[in-house]
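Chemist: The lines below spell out each chain.
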Amino acid sequence: MQETDAIIAARREMEICNACRYCEGFCAVFPAVELRREFSAGDLSYLANLCHGCRGCYYACQYSPPHEWGINVPKALAEVRAESYAEYAWPKPLASMFNRNGTVVSLMTALGIALVLFLTMTLNSAGNFFGAHGTAPDSFYEVIPLWAMQVVGILTFGFSLVALAMGVRNFWRDAGPKDSIGPIAIAIALWDVLTLKNLGGGGNGCNDNSEAFSMRRRYLHHAMFYGFLLCFAATTTGFIYHSFLGWPAPYPFISAPVLLGTVGGVLMLVGTIGLTAMKFVDDPMPNVRRLLGGDVALLMLLAMIALTGLFLLAVRATGAMGMAMAIHLGFILAFFVVLPYSKMVHGVYRSAALLRRAIERNMKPLGGE
Amino acid sequence: MPDRTKTYDVLVAGGGNAALCAAITARQAGASVLLVESAPKAFRGGNSRHTRNLRAMHDQPNEVLTDAYKEDEYWDDLLRVTGGNTNEALARMTIRASSGVFGWMKDAGVRFQPSLTGTLNLGRTNAFFLGGGKALVNAYYLTAERLGVEILYDTEVVNMNMEDGFIRSVDITYKGFPETVHAKCVVASSGGFQANLEWMREYWGDAVDNFVIRGTPYNRGRVLKNLLSQGVASIGDPTQCHAVALDARAPKFDGGITTRLDSVPYSVVVNRNGDRFYDEGEDVWPKRYAIWGRLIAQQPGQIAYSICDSKAFPLFMPSVFPAFKADTLEELAVKMKLDPTKVRETVDGFNKAVIPGQVFDNLKLDGNATQGLTPNKTNWARAVDKGPFYGYPLRPGITFTYLSVKVNEKAQVLMDNGQPAGNLFASGEIMSGNILGKGYLAGFGMTIGTVFGRIAGQEAARRARN
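The listed protein sequences correspond, in order, to chains A and B.
Under our numbering, think of the first position of the first sequence as 113, with each following residue one higher.
Under our numbering, think of the first position of the second sequence as 78, with each following residue one higher.
Counterexamples of contact, computed for chain A against chain B with all Cβ distances above 12 Å: (1) 223; (2) 244; (3) 263; (4) 286; (5) 344; (6) 361; (7) 389; (8) 392; (9) 428; (10) 449.
With a straight-line cut-off of 25 Å between C-alpha atoms, the simulated SDA-like cross-links for lysine to any residue are: (11) 476/A <-> 436/B; (12) 441/B <-> 148/A; (13) 391/A <-> 316/A; (14) 402/B <-> 131/A; (15) 302/B <-> 485/B; (16) 183/B <-> 321/A; (17) 419/B <-> 352/B; (18) 441/B <-> 477/A; (19) 183/B <-> 324/A; (20) 414/B <-> 425/B; (21) 118/B <-> 317/A; (22) 252/B <-> 179/A; (23) 118/B <-> 229/B; (24) 388/B <-> 152/A; (25) 118/B <-> 320/A; (26) 476/A <-> 391/B; (27) 364/B <-> 478/A; (28) 429/B <-> 439/B; (29) 476/A <-> 364/B.
Quick caveat, the hints were computed from the structure, so don't treat them as lab data.
Every residue gets a Cβ at the ideal spot worked out from N, C-alpha and C, and that includes glycine.
Using the sequences provided together with the hints, build the complete structure.
Modeler: Have a look at this one:
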């Protein structure tokens, strides 16, 4: 990490936290702070990505504004976190995608839809594009050939996975520990990721807009995350059905791909819309306002993927299917392309940070009463 | 806005732990309650916002406390720190009651850290609030609001109109405007007077200009002074206060826990003139930090400087302010505006006086001493010779004052004639001098506040509703 204003500000706050330590029961950040007496830029990037933004420490802090020290840990760490996304982006020139990320994600989304629509309409006759295909086998692929879906999907998603992996590698080198990764550490980190244990203010939930604790954010994130996984499972099942079992789409409503996708889509919609709504009612003080655009753009992109997927299911036997599928795939294409240059990266860096925390779990705090 | 036409069952003066425990308990008992907090909402909670734990008796381990901490051990600890400056009946009652507060606190929204984390050597005697005292205060305010306690911030009690030991009305300033409110009973939970520098000056002179007030600037002792001027009995030495050594760069008020400095036992400490003045290694720091507040208050300019080398630097908690650092002692002295020759001389003299061949152990009283110095250092004495060198300036930090209103076991305030006031109760720092007349025991202020807050709330509600 570069030595920036955000790093300097976060370092000052972490040094104050390290002399106080009252918040050590809230989450993984403070026990990690207690292992250090000096904070390198890489350490701060690690702590920033470990922070889930539950705001428990902000409301509990005796030094939060208007105290003259103005300690605001969730905000200071969010600033560093945002800078770390750009710092670790691969390839490096694309790091600028994280500036005005909301605009970038929105533009890419619009381009993705336009591109898929344009190509589909160019490659199809109007009769085919707007025709009712029924639910006969392969009807989807009459509009967009399967090979085209697979080639574009594999190329874009594949590149994004490589870019994410390179980003994590950059993070690990910058902030990563020297100790080796053991199976117990991996298990602990996985548990922390899957349960969002640290998004819970020590088990009581987040402080959304007051001192009161609430599990709302954690549950909404679970809905979105597990909904996303169910949708991914639906796609994978469909792929297996088609490629290995020779059962072409579309599938009946009572089938694994459609049921998984429907439940997943509804959960994703609930999660993304709920989380977006919270952005507007949450206390703005522990937030970084300029990051709101990128957050909301990604939430809306995910919501639109879910919504258009459900819409496609509803109209798949009608003349609107061609259009609905093109738009749905347009959103998915956009998602694949922006994946490593959007808020989605928080998932991989935070998982890596949790893994690092699990590796150093047995280290002893420095100093102490 | 305060309701001038209404007669509240209970008025609580103050907004910290003791006040909130009284207000919530009174409300739970069915009383209508008005809580008057002199601080604005952002700084509500008095000194409780800077606390972290509560000392609680327990006969067996529970969710938040390890092992056992029984009445007699607790009482012995209290007797030791107060040097007998306590009231055994009230103290033992408080200690016994401390074992039963958890259920009520949890119901009122307070969360605790699990017993295995946190500061381990206090994990047996003290229950740590998750997130510290401000989180506790936040939880209590939420509960008070939910129960329907009326809360006024920026509102100070300026005068209790007392007739024959009975409070007829209470004059307040509400956001600066004078008002008068009526209540059948009053609970005084408004803390000590350590933030009232003019009052402190009466006993300490201009030295107060060099004191740091560790907690809230709102504990000005207005209610305390008002009551004592109207025939309420006092207890506790008015000239005494709990003073610790802390980093001299702390803000004048509200610096809280982070300004503490644990470097003294592993350092050489000199005054402004570069002279040592006390045995830095007399005992472990938790047992000595309060003595050092007073010691520094007696030095010229109320300032001292802790100097150590790179061997000692990793042995204590980091302070919130960076240490002065230099490769030589002379440079360090110059950075701290001390006479470099004199500091060199003092440290050289100290180094020569260290008895050689001793085994250093920072985890116990290791007996590493100097000989031939006045004063000698009796533990952890090692030559200060391995650069870079580190220095911290120290000042007295005032935690609280001991002067209190006298109370009985029902939290009733007693008048000079020994009779209880008709409708006045007290809890927290304003009455802690009854039990803690000297010294301090970590987390005991919160114990007194919680136990007496609940008694005061209960008794006030009962009296008001009869």
